[in-house]
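These protein sequence lines map, in sequence, to chains A and B. The first sequence begins at 1 in the working numbering and counts up one residue at a time. The second sequence begins at 1 in the working numbering and counts up one residue at a time.
Careful, some of the hints might be misleading.
To be verified - In the DSBU-like style, the derived pairs of lysine-lysine whose C-alpha atoms are separated by at most 35 Å in a straight line are:
id : chain 1 : residue 1 : chain 2 : residue 2
1  : A       : K63       : B       : K401
2  : B       : K369      : B       : K388
3  : B       : K325      : B       : K351
4  : A       : K63       : B       : K369
5  : B       : K167      : A       : K293
6  : A       : K33       : B       : K111
7  : B       : K205      : B       : K100
Said to hold, decoys possible - Pulled a few chain B residues facing chain A out of the computed Cβ check, cut under 10 Å:
id : residue
8  : G76
9  : N81
10 : A102
11 : V105
12 : P112
13 : G225
14 : T228
15 : T230
16 : S234
17 : R241
18 : K248
19 : S262
20 : R269
21 : L274
22 : G295
Note that these hints are calculated values from the structure, not bench results. Where is the CB? At the ideal position from N, CA and C, for every residue including glycine.
Now for the letters of each chain:
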Amino acid sequence: MAQLLQHLINGLAAGTIYALVALGYTMVYGVLKLINFAHGDVMMVGVYMGYATAFALGRQTQKTFLGVVLIFLVAMGGCALLGFLIERFAYRPLREKPRLTALITAIGISFALSYGFQLDIGFLPGAAPRAFPEIIQPTEWLVIGDRDVVVWNWQVMSLLIAVGLMVGLQWLVFKTRFGRAMRAVSYDHRVAALMGIPTDRVIAVTFMIGSGLAAGAGLLYAIKDTSVSPLMGLYVGLKAFVAAVIGGIGHVPGAVVGALLLGLVEEFVVGYAASTWRDAVAFGILILVLLVKPGGLFGRVAAEKV
Amino acid sequence: MRRSVPMLLAALAVMMAGCEKKTQPASTETDTSKQAAQGQGGTAPATPPAGTPTGEADTILLGVATSLTGGQATFGVSTRNGIEMALKEANEAGGVKGKKVAMRVYDNQGKPEEAAQAVTRLITQDKVVMVLGDVASSNSLAMAEKAQAAGVPMITPSSTNPSVTEKGEYIFRICFIDPFQGYVMAKFAREHLKVSKVAVLQDNKSAYSIGLTDVFTRKFTEMGGRITSTESYSQGDTDYRAQLTAIKKSQPEAIYVPGYYSEVGVIARQARELGLKVPLLGGDGWDSEKLYELGGSAIQGSYFSNHYSPANPEERIQKFVADYKAAYGGVPDALAALAYDAARVAIEALKKAPDTSGKALRDAIAQTKDFPGIAGVITLDENRNAVKPAVVLEVGDGTTKYVTTVNP
Numbered sequence: 001m002a003q004l005l006q007h008l009i010n011g012l013a014a015g016t017i018y019a020l021v022a023l024g025y026t027m028v029y030g031v032l033k034l035i036n037f038a039h040g041d042v043m044m045v046g047v048y049m050g051y052a053t054a055f056a057l058g059r060q061t062q063k064t065f066l067g068v069v070l071i072f073l074v075a076m077g078g079c080a081l082l083g084f085l086i087e088r089f090a091y092r093p094l095r096e097k098p099r100l101t102a103l104i105t106a107i108g109i110s111f112a113l114s115y116g117f118q119l120d121i122g123f124l125p126g127a128a129p130r131a132f133p134e135i136i137q138p139t140e141w142l143v144i145g146d147r148d149v150v151v152w153n154w155q156v157m158s159l160l161i162a163v164g165l166m167v168g169l170q171w172l173v174f175k176t177r178f179g180r181a182m183r184a185v186s187y188d189h190r191v192a193a194l195m196g197i198p199t200d201r202v203i204a205v206t207f208m209i210g211s212g213l214a215a216g217a218g219l220l221y222a223i224k225d226t227s228v229s230p231l232m233g234l235y236v237g238l239k240a241f242v243a244a245v246i247g248g249i250g251h252v253p254g255a256v257v258g259a260l261l262l263g264l265v266e267e268f269v270v271g272y273a274a275s276t277w278r279d280a281v282a283f284g285i286l287i288l289v290l291l292v293k294p295g296g297l298f299g300r301v302a303a304e305k306v
Numbered sequence: 001m002r003r004s005v006p007m008l009l010a011a012l013a014v015m016m017a018g019c020e021k022k023t024q025p026a027s028t029e030t031d032t033s034k035q036a037a038q039g040q041g042g043t044a045p046a047t048p049p050a051g052t053p054t055g056e057a058d059t060i061l062l063g064v065a066t067s068l069t070g071g072q073a074t075f076g077v078s079t080r081n082g083i084e085m086a087l088k089e090a091n092e093a094g095g096v097k098g099k100k101v102a103m104r105v106y107d108n109q110g111k112p113e114e115a116a117q118a119v120t121r122l123i124t125q126d127k128v129v130m131v132l133g134d135v136a137s138s139n140s141l142a143m144a145e146k147a148q149a150a151g152v153p154m155i156t157p158s159s160t161n162p163s164v165t166e167k168g169e170y171i172f173r174i175c176f177i178d179p180f181q182g183y184v185m186a187k188f189a190r191e192h193l194k195v196s197k198v199a200v201l202q203d204n205k206s207a208y209s210i211g212l213t214d215v216f217t218r219k220f221t222e223m224g225g226r227i228t229s230t231e232s233y234s235q236g237d238t239d240y241r242a243q244l245t246a247i248k249k250s251q252p253e254a255i256y257v258p259g260y261y262s263e264v265g266v267i268a269r270q271a272r273e274l275g276l277k278v279p280l281l282g283g284d285g286w287d288s289e290k291l292y293e294l295g296g297s298a299i300q301g302s303y304f305s306n307h308y309s310p311a312n313p314e315e316r317i318q319k320f321v322a323d324y325k326a327a328y329g330g331v332p333d334a335l336a337a338l339a340y341d342a343a344r345v346a347i348e349a350l351k352k353a354p355d356t357s358g359k360a361l362r363d364a365i366a367q368t369k370d371f372p373g374i375a376g377v378i379t380l381d382e383n384r385n386a387v388k389p390a391v392v393l394e395v396g397d398g399t400t401k402y403v404t405t406v407n408p
């Protein structure tokens, strides 16, 4: 029983991170119908920004509340800028081109970031994995029995931050003028432009929000697993993408449900079946979901507009 | 703002043109050197690559393919440094038969497919006389195939999977093999730590990790121990809580984690976080200064088997450690020591061999006997593997402590 509970907690913690990354995928897909494969790598860049900020602050300051807030702000702000630049120079020129062109560009940017960061020149960190500083002093939030079940403060924090961001995002999309513009662009960006919606600006801001979220997710991930490396984004990005597709890509709560589901399934497969089967089962679920509901759990299959 | 798009395209075009320019002369050079080789009756002389200022005749080129980027980057960097140091010393001492020895290094990104490509390029384009590398057995296996097919001798400094040298008679290794390392840890766990229940956490993407697990499991059971559970992860994972929670339930007295430092450090942290207090046991894949950074205090008190200990007071070892520190800063890990040894064995073979043909060099390497390496005395057996003892080290605060030596 205790073990079941511990697995549940582990799985939720992993799922929360996937959820935050998946939100970025789903938002960008929502407005642009583009799978932004560079998303995971933007997250990685955010983590390194946070890493650099933590070092600049020094051992003492990085652990204070203000220090942590500053680390998150720098990383999220920096990534929002990076997201803006990627959209402006890599995706916008290709917007009227076939969708495949933008997709390949996204993969190109993903590789450029993950392999570029393995260089050891200037500010680039080099290939070796590094230990992320303990900006949040890990303390046990809840201990059951003789450490049979341990819940840590950062696990609770991650969950709260993730839920907060999701609620905020849902509010942004459905309750604000900007959200309405986003939905209009998502529906048809040419017609939206005719209605006087500044589509370029809406798309740019969507990218910035998505990238900022990725940076926040990345920092939570780095706090959780303590190791950062230039290739971390490829792996997390792939898993989050799967989560977004399971939930129905383009659908905000769907991405969250998909991510939590994926995190829990992975955890339980490892815990009760065999660890070698983890990825096979995770991707098997993806195939099953797509067979039964091609649009994902919450997605609707839209008829192709002609 | 409109102008920036064509500008970006122009920049891309220039970059692409640059790439083309780089590859073209290289390939033509290969052609001419091939003709030259044929003219001289078949034995290919070592040709320096394009852009090397030294003349053709006075340089012998060795090829190195190792992981300078990717998850095991510190292995590759140590390997390159070790080889570089050995070559520098050899050249300062007058080179080989009046010729300088140089190396050409390619990065394999820690991937077997890249490793195979790098070796092909080293042999066909750069015309190296010998190949050195790699650390990870998965990469060396891919490289060995190409080197064997081309009849170019290859020495792996630190790949411990037995199948590497089974690829053929041109493939050598100057370190011990996995069965021995698995045996060392099984023996250490039973006789030194006196534990009888051990859980295993293996990296199922790595031939090295699976090899060590197999032998450890067999030997440990033979010695009267019990494996409580076997779990696995894949290289690149960062969350091992699920596996560790399952391991915790089986209540082992130690956990055997024959993985690489990049994962082991994080595994140790998460094990402690979940309340697993037993020591971790591992192999030479742990050997990197990064282990202390990634593992922090969680990895202290764990043990791993290794090729050498920098704390060994022997004079030549201390001289090597001091020289290495002066050149690269930092204590040389076993991979640097083994790479240094491998390069010296290669140079010794170049000196002994009548010419630089693959056959002559192969025969010269095969005769290596009682060679005083930094990581133990090297004698190659008939399977082209080195037979030598292993040391067991305990991880301390940013350093390792020598515990014991286990003989074959």
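Verification of the supplied hints:
In summary, the hint linking A:K63 to B:K401 is supported, as the alpha carbons are separated by about 32 Å, within the 35 Å threshold. Proximity of B:K369 to B:K388 is assessed by CA-CA distance (about 12 Å); at most 35 Å being required, the pair is judged to hold. The hinted pair formed by B:K325 and B:K351 meets the criterion: a straight-line CA distance of about 28 Å does not exceed 35 Å. At roughly 57 Å between alpha-carbon atoms, A:K63 and B:K369 are farther apart than 35 Å, so this suggested pair is violated.
With a C-alpha separation of about 49 Å, the suggested pair B:K167 and A:K293 falls outside the 35 Å cut-off, and the hint is violated. Taken as a hint, the A:K33 and B:K111 pair is honoured in the structure, with Cα atoms around 33 Å apart against an allowance of 35 Å. For a cut-off of 35 Å, the pair hint linking B:K205 to B:K100 is broken: about 40 Å separates their Cα positions. Hint status for B:G76: holds, given a least beta-carbon distance of 9 Å to chain A, under 10 Å.
With 10 Å as the threshold, the beta carbon of B:N81 stays out of range of chain A, its nearest partner Cβ sitting at about 14 Å, so the hint is violated. At a threshold of 10 Å, the smallest CB-CB gap from B:A102 to chain A is about 22 Å, leaving the interface hint violated. Violation of the interface hint for B:V105 is found here, the shortest Cβ-Cβ separation to chain A being roughly 14 Å, above the 10 Å cut-off. A hinted interface residue such as B:P112 counts as satisfied when its beta carbon comes closer than 10 Å to some beta carbon of chain A; here the least separation is about 16 Å, so the hint is violated.
For B:G225, the interface hint is violated, the least distance from its beta-carbon to any beta-carbon of chain A being 22 Å, above 10 Å. A distance limit of 10 Å between C-beta atoms decides the matter here; for B:T228 the minimum to chain A is near 14 Å, and the interface restraint is violated. Among the interface hints, the one on B:T230 holds; its C-beta lies about 9 Å from the nearest C-beta in chain A, closer than the 10 Å criterion. A distance limit of 10 Å between C-beta atoms decides the matter here; for B:S234 the minimum to chain A is near 7 Å, and the interface restraint holds.
At a threshold of 10 Å, the smallest CB-CB gap from B:R241 to chain A is about 4 Å, leaving the interface hint in force. Satisfaction of the interface hint for B:K248 is found here, the shortest Cβ-Cβ separation to chain A being roughly 8 Å, below the 10 Å cut-off. Among the interface hints, the one on B:S262 holds; its C-beta lies about 5 Å from the nearest C-beta in chain A, closer than the 10 Å criterion. For B:R269, the interface hint holds, since its Cβ comes within 10 Å of a Cβ in chain A; the closest pair sits about 6 Å apart.
Nearest Cβ of chain A to the Cβ of B:L274: about 6 Å, under the 10 Å cut. The hint holds. Interface restraint check for B:G295: the shortest CB-CB distance to chain A comes to about 8 Å, inside 10 Å, so the restraint holds.
Violation of the numbered hints given earlier is confined to hints 4, 5, 7, 9, 10, 11, 12, 13 and 14; the remaining hints are satisfied by the structure.
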